[in-house]
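Asks: Okay, here's what each chain looks like letter by letter:
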Amino acid sequence: MRLSTRSIRPISAGFIAFPWVCGSVYAQSTDSSVFRSDRLNALVLILLFSIVVLVYTRWARQGKPLFIRKIPGLDAVEEAVGRATEMGRPVLYIPGIQELDEIQTIAGVSILGRVARITAQYETPLVVPVRYPLVLAAGQEAVQQAYTEMGKRDAYQPDMVRYVAGEQFAFTATVNGIMTRDHPAANLFMGYFAAEALLLAETGNAAGSIQIAGTAQPEQLPFFIASCDYTLMGEELFAASAYLSHEPLMLGGLKGQDFMKIILVTVILLGVILATLGWWPDFISWFKEV
Amino acid sequence: MRRTVPVVIAFLSGFVMLVSFFFNPDRSILGRIESEVLSWVSIVAGFSMLLGVVSIVGVNWRVVRDRREGWGYKAITLVAVFVMAIPAMLPVSWSPLFGDGSGSIYDWLFQNLSATMMGTMFAMLAFYIASAAYRAFRARNAEATILLLTAILVMLWRIPMGEAFLRLFSDKLPDIINTYVMNGVNLAVQRGIIIGAALGAASMSLRIMLGIERTYMGRG
Chain A
1 MRLSTRSIRP
11 ISAGFIAFPW
21 VCGSVYAQST
31 DSSVFRSDRL
41 NALVLILLFS
51 IVVLVYTRWA
61 RQGKPLFIRK
71 IPGLDAVEEA
81 VGRATEMGRP
91 VLYIPGIQEL
101 DEIQTIAGVS
111 ILGRVARITA
121 QYETPLVVPV
131 RYPLVLAAGQ
141 EAVQQAYTEM
151 GKRDAYQPDM
161 VRYVAGEQFA
171 FTATVNGIMT
181 RDHPAANLFM
191 GYFAAEALLL
201 AETGNAAGSI
211 QIAGTAQPEQ
221 LPFFIASCDY
231 TLMGEELFAA
241 SAYLSHEPLM
251 LGGLKGQDFM
261 KIILVTVILL
271 GVILATLGWW
281 PDFISWFKEV
Chain B
1 MRRTVPVVIA
11 FLSGFVMLVS
21 FFFNPDRSIL
31 GRIESEVLSW
41 VSIVAGFSML
51 LGVVSIVGVN
61 WRVVRDRREG
71 WGYKAITLVA
81 VFVMAIPAML
91 PVSWSPLFGD
101 GSGSIYDWLF
111 QNLSATMMGT
121 MFAMLAFYIA
131 SAAYRAFRAR
141 NAEATILLLT
151 AILVMLWRIP
161 MGEAFLRLFS
171 DKLPDIINTY
181 VMNGVNLAVQ
191 RGIIIGAALG
201 AASMSLRIML
211 GIERTYMGRG
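Top to bottom, those sequences are chains A and B.
Numbering (my numbering) for the first sequence: 1 to 290.
Numbering (my numbering) for the second sequence: 1 to 220.
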């Protein structure tokens with residue numbers, strides 16, 4: 001099998017994520033060989049990314065100080081739960097509207113575990129409506145474990161995480177009903193959201209709740225920014241769990257991510273310069289659709 | 001053991017899927033694993049519906065039984081669950097009203113109640129957009145004013161009458177908005193967010209595969 005830069009077909013913006021994150025956007029191979037040479041650039045980047053993350057994680061394990069920038073939306077989570085405690089009202093948490101095979105849902109469930117630790121500490125009621133049974137099981141496990149670890153096992157109720165509806169707008173109607181009837185003091189939206197994003201956030205805004213949202217859906221971000229007090233954009237959602245944990249080992253992964261961002265920005269700038277000058281067109285073909 | 005086994009399963013699952021991505025499904029069994037595993041996910045998700053039914057019935061039944069506030073709504077939910085589900089599960093050979101085909105009870109309820117109510121919810125989005133836009137576009141400072149002016153231009157460009165109005169000033173104005181606002185600033189920012197999110201997703205996937213991130217299964 002002969003490999004050259006010409007045999008490598010360009011792939012889309014999602015190539016840096018793992019296959020199950022954005023598999024649908026990859027280019028189709030016309031190659032009849034066993035190995036997909038059209039995906040070689042993705043392999044190179046994944047290997048480079050893995051090495052960088054592992055190096056930073058090792059440094060974190062060795063105790064090297066790592067600077068992580070402040071994320072106001074995540075710092076506000078504890079404040080929001082504290083407000084709910086003072087007001088004697090529940091905290092409403094929605095881990096998105098997608099199934100558990102969506103990475104944003106996994107991020108949402110991870111953050112739920114952190115939030116549940118805080119609600120357990122303050123003994124604040126927590127309501128988590130979900131749209132899929134597998135998310136229900138994962139959410140119940142995360143909340144139960146959080147309450148157990150905080151020594152509040154008796155305060156845990158299985159109904160905290162509840163399945164409400166499988167249809168998108170039936171789910172939205174139910175959650176809006178919870179917001180208007182129970183008046184949660186804090187609404188946290190963390191995960192994948194679609195057309196219901198604004199319906200949920202505006203209802204919460206009208207109900208007077210403090211709202212923190214996080215999603216990696218660029219189309220829904222303006223709606224959350226308009227209606228919520230704090231919004232986590234894209235990568236901040238995936239960083240949230242590590243950030244809230246304050247564990248050096250997990251923060252190492254975030255530093256690796258930042259380092260890769262520097263590499264990508266450098267490559268983009270280099271690509272812009274080369275494309276403008278018309279030099280080395282093969283370099284551009286590696287990143288043509290990025 | 002309870003900590004190690006799930007981490008090992010997560011690592012192997014992630015690793016196999018990752019390797020599968022780089023092999024041709026027509027030429028290698030490794031390449032077919034990805035689609036095979038995704039089929040299993042659908043099957044497992046189908047069986048897990050039972051968990052959802054148990055949850056929705058349990059939560060609502062306890063409220064109805066204890067006559068807690070809003071128990072009437074919960075009773076309607078319970079009735080709706082069973083009225084939709086039971087006729088759909090019964091065999092069509094017993095009656096054409098059973099099953100989920102055209103003319104069945106399920107189909108009638110879905111078309112005339114469920115679909116129309118969901119359509120109503122979606123339609124309400126227009127009003128919510130108006131109230132959110134009012135808050136977002138208030139010209140309180142320089143940035144908000146720029147946002148307001150840009151939004152007005154883009155909205156005008158998006159509708160035929162607005163486009164005709166813009167062409168009164170210059171024939172090139174709609175193209176300028178398209179080139180510099182939508183395909184320029186807007187697209188650049190969206191791509192920045194997408195690249196950041198993809199890196200974040202990859203970083204999180206790696207943390208999960210290596211067992212550093214375990215909060216998704218309830219362990220900190």
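These are computed hints drawn from the structure, not numbers from a lab.
Heads up, the beta-carbon is just placed ideally off N, CA and C, and yes, glycines get one too.
One should not assume that every hint holds.
If you want the footprint, here are the derived chain A segments under chain B, 3+ residues with CB under 8 angstroms [what the hints assert, rightly or not]: (1) 33-44; (2) 131-140; (3) 167-177; (4) 213-222; (5) 234-242.
Calculated Cβ distances over 12 angstroms to all of chain A for the following chain B residues [unchecked claim]: (6) Thr4; (7) Val8; (8) Asn24; (9) Leu30; (10) Gly46; (11) Ile86; (12) Met89; (13) Leu90; (14) Trp94; (15) Arg135; (16) Leu156; (17) Pro160; (18) Glu163; (19) Gln190.
Asks: Please go over all the hints and tell whether each is borne out by the structure.
Replies: Verification of the hints:
Counting residues of the segment 33-44 of chain A whose beta carbon lies closer than 8 angstroms to any beta carbon of chain B gives 7, which reaches the threshold of three, so the coverage claim holds. With 6 residues bearing a CB less than 8 angstroms from a CB of chain B, the segment 131-140 of chain A meets the requirement of three and the coverage assertion stands. With 7 residues carrying a beta carbon less than 8 angstroms from a beta carbon of chain B, the segment 167-177 of chain A meets the three-residue requirement, and the given coverage holds. Figure legend: the segment 213-222 of chain A, annotated as covered by chain B; annotation consistent (4 residues with Cβ-Cβ distances under 8 angstroms, at least 3 required).
Against chain B, the segment 234-242 of chain A contributes 8 residues with a C-beta closer than 8 angstroms to a partner C-beta. That satisfies the three-residue criterion, and the hint holds. Against the 12 angstroms criterion, Thr4/B stays outside the reach of chain A, whose nearest CB is about 16 angstroms from its own CB. Distance check on Val8/B: its Cβ is at least 18 angstroms (rounded) from any Cβ of chain A, clearing the 12 angstroms threshold; non-interface status holds. Not every C-beta of chain A lies more than 12 angstroms from that of Asn24/B, the closest at about 6 angstroms, which undercuts listing it as non-interface.
For Leu30/B, the non-interface assignment is contradicted: its Cβ lies about 8 angstroms from the closest Cβ of chain A, within the 12 angstroms cut-off. Gly46/B, annotated as away from the interface, has a beta carbon of chain A within 12 angstroms; the closest lies near 10 angstroms. For Ile86/B, the shortest C-beta to C-beta distance to chain A comes to about 17 angstroms, beyond the 12 angstroms cut-off, and the non-interface label holds. With a least CB separation of 16 angstroms from chain A, Met89/B remains clear of the 12 angstroms interface cut-off, as annotated.
Remark: the non-interface label on Leu90/B is consistent with the geometry, its nearest Cβ contact in chain A lying 20 angstroms away (cut-off 12 angstroms). No Cβ of chain A comes within 12 angstroms of the Cβ of Trp94/B; the nearest lies about 26 angstroms off, and the non-interface call holds. Not every Cβ of chain A is farther than 12 angstroms from the Cβ of Arg135/B; the closest lies at roughly 6 angstroms, contradicting the non-interface assignment. With a least beta-carbon separation of about 18 angstroms from chain A, Leu156/B lies farther than 12 angstroms from that chain, consistent with its non-interface assignment.
Every beta carbon of chain A lies more than 12 angstroms from that of Pro160/B, the smallest distance being close to 23 angstroms; the non-interface claim holds. A cut-off of 12 angstroms between C-beta atoms confirms that Glu163/B is not in contact with chain A; the least separation is 22 angstroms. Interface exclusion of Gln190/B from chain A breaks down, the closest Cβ pair being 5 angstroms apart, not more than 12 angstroms.
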